[in-house]
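First to last, the protein sequences are chains B and G.
Numbering-wise, the first sequence is residues 755 to 1036 according to this note's numbering.
Numbering-wise, the second sequence is residues 58 to 277 according to this note's numbering.
There's no promise every hint is true.
As the list claims (entries may be wrong) - Using 25 Å as the maximum straight-line C-alpha spacing, the simulated SDA-like pairs for lysine to any residue come out as follows:
#1 B:K857 to G:L107
#2 B:K884 to G:A106
#3 B:K857 to G:K268
#4 B:K921 to G:R272
#5 B:K899 to G:L168
#6 B:K899 to G:A186
#7 B:K854 to G:L270
#8 B:K802 to G:S184
#9 B:K857 to G:I167
#10 B:K812 to B:K857
#11 B:K884 to G:Q61
#12 B:K884 to G:A186
#13 B:K899 to G:Q263
#14 B:K854 to G:Q174
#15 B:K884 to G:V200
#16 G:K268 to B:P882
#17 B:K812 to G:R272
#18 B:K812 to G:K268
#19 B:K899 to G:L107
#20 B:K884 to G:L168
#21 B:K857 to G:C256
#22 B:K857 to G:W175
#23 B:K884 to G:A63
#24 B:K802 to G:Q174
#25 B:K884 to G:F237
#26 B:K857 to G:E176
#27 B:K884 to G:L107
#28 B:K899 to G:Q174
#29 B:K812 to B:D843
#30 B:K921 to G:L270
In case anyone wonders, no lab produced these hints; they're calculated from the structure.
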Amino acid sequence: MSHEPESSSPAPGASSSGFGVPPIGSGADPLLRATGLRTSFGSLDVLKGVDLEVRRGKVLVLIGPSGSGKTTVLRALNALTPPQAGVIDLDGERIDFAAKLSKRETAAQRAVLRDASGMVFQHYNLFPHKTVLENVIEGPVIVQKRPRDEAIATATALLERVGLASKRDAYPFELSGGQQQRVGIVRALALRPKLLLFDEPTSALDPEIVGDVLTIMSELAHEGWTMVVVTHELAFAREVADEVAFLDGGVVVERGTPAEVFTNPQEPRTREFLDRLLRPLE
Amino acid sequence: MDWQLAWDSLGPIVRGAILGTIPLSLISFALGLVLALGIALARMSSIRALSAAARFVISVVRGTPLLVQLFVIFYGLPSLGATIPPWPSAVIAFSINVGGYGAEIIRAAILSVPAGQWEAGYTVGMSRATTLRRIILPQAARVSVPPLSNTFISLLKDTSLASLILVTELFREAQKIAAFSQEFMLLYIEAALVYWVICLGLSALQNLLEKRLDRYVARA
């Protein structure tokens, strides 16, 4: 699929299509289904059998107290922290983490997950020795072997779309946190992944710029990107999520539409968590 | 003070530097760096035997005098049937020495790059090797320039030991003239000054290199 370089308004809040959703179709079958994910670090069981589904073109938001395992779930989905057990079905391919595999087979399985996803980190993790443009085209050119000119055109259009066209040749240290995170999002988008993963993308940002990043994320959601977002921004979750999963103690305690989970939580633990977040002073 | 002798001896001493000391240092350092990277990666490998072998090499290199290493290769190996001429002997000894010391510097520099950089490499689809080459090593290089410059400067001075296995280099030229003229103080001070001037040049190069590699780092 070719990505048309376009000249939309450079303001990050401006709404027009232009992020170029990859063709993953839509339909009843989920893009990704994880079953029985178990992860432990030594004697500490972080995930105790997590099941979840990510539907095509939909947004799944993971919420929960710190230590609940939500980031570990996200990192299982692209094998940054491979679980010890569990199965992930992703668009027709099956990854069984409990299977005894050779090194090469393990690497191939991880490649399936990583090639399908793009990740946005809490602390951006931009490559500090590369310019903004180089950060964005690194994956497309070096890994995906796309023509450099085409990758640059795509990257430039995406940077323009998030209002950073003028920072193309800057190094990450010259950017503010909010700008770095926008580059982080563009770097993930440039891979044209089927699935976008966000690990607390606004937690390291100053409060007044959180909105810029969340606005871009809602636009991506509206354009039909498939997203899994770990966040503490409940307002964002309520507005943008198609499904919310509440994790606690390494299991999914409750899941449903934002209306179900936020307005009418069934589990006491969910209620307690939401109360604490919504009324921190009481 | 015999100024005429000081002037006349400068020619052979500088020639010794240009034909001996400097190429010997450059070649040994280049080979040593390749070796150092290999040993550093072996040391960090999850394969036990590889890591143990690397640790052994580092321990031997750091735990024995360079002069003894040089003598083992040049004077010792012939009794095992391997006679190596002076120049290659010196290159072998010095490269291994740089390899041992450099390995620990490179290992520390690689470990100083945040884990998030490896992860970012993986999430754009890179393999371990590609991430190491394109993301980690360029950042490690910046950190390792000052300590590796130290290693290079030490090496340059240590090449004077090669005079003891008959390599024609700066110090051996000075020694020959000193023995002939009996002007020991003059010749050895002169040799010291030439070493110093070369090292000043190296320090200047180090500064340039650090400036270049620091272009992507915020300055306080």
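Hint check results:
no.: 1; hint: B:K857 to G:L107; verdict: holds (17 Å)
no.: 2; hint: B:K884 to G:A106; verdict: violated (36 Å)
no.: 3; hint: B:K857 to G:K268; verdict: violated (41 Å)
no.: 4; hint: B:K921 to G:R272; verdict: holds (16 Å)
no.: 5; hint: B:K899 to G:L168; verdict: violated (29 Å)
no.: 6; hint: B:K899 to G:A186; verdict: holds (16 Å)
no.: 7; hint: B:K854 to G:L270; verdict: violated (44 Å)
no.: 8; hint: B:K802 to G:S184; verdict: violated (29 Å)
no.: 9; hint: B:K857 to G:I167; verdict: holds (23 Å)
no.: 10; hint: B:K812 to B:K857; verdict: violated (34 Å)
no.: 11; hint: B:K884 to G:Q61; verdict: violated (56 Å)
no.: 12; hint: B:K884 to G:A186; verdict: holds (18 Å)
no.: 13; hint: B:K899 to G:Q263; verdict: violated (36 Å)
no.: 14; hint: B:K854 to G:Q174; verdict: violated (28 Å)
no.: 15; hint: B:K884 to G:V200; verdict: holds (16 Å)
no.: 16; hint: G:K268 to B:P882; verdict: holds (15 Å)
no.: 17; hint: B:K812 to G:R272; verdict: violated (42 Å)
no.: 18; hint: B:K812 to G:K268; verdict: violated (48 Å)
no.: 19; hint: B:K899 to G:L107; verdict: violated (33 Å)
no.: 20; hint: B:K884 to G:L168; verdict: holds (20 Å)
no.: 21; hint: B:K857 to G:C256; verdict: violated (48 Å)
no.: 22; hint: B:K857 to G:W175; verdict: holds (19 Å)
no.: 23; hint: B:K884 to G:A63; verdict: violated (52 Å)
no.: 24; hint: B:K802 to G:Q174; verdict: violated (28 Å)
no.: 25; hint: B:K884 to G:F237; verdict: violated (58 Å)
no.: 26; hint: B:K857 to G:E176; verdict: holds (19 Å)
no.: 27; hint: B:K884 to G:L107; verdict: violated (33 Å)
no.: 28; hint: B:K899 to G:Q174; verdict: holds (21 Å)
no.: 29; hint: B:K812 to B:D843; verdict: holds (17 Å)
no.: 30; hint: B:K921 to G:L270; verdict: holds (20 Å)
Consistency with the previously given hints fails for numbers 2, 3, 5, 7, 8, 10, 11, 13, 14, 17, 18, 19, 21, 23, 24, 25, 27, ordered from lowest to highest.
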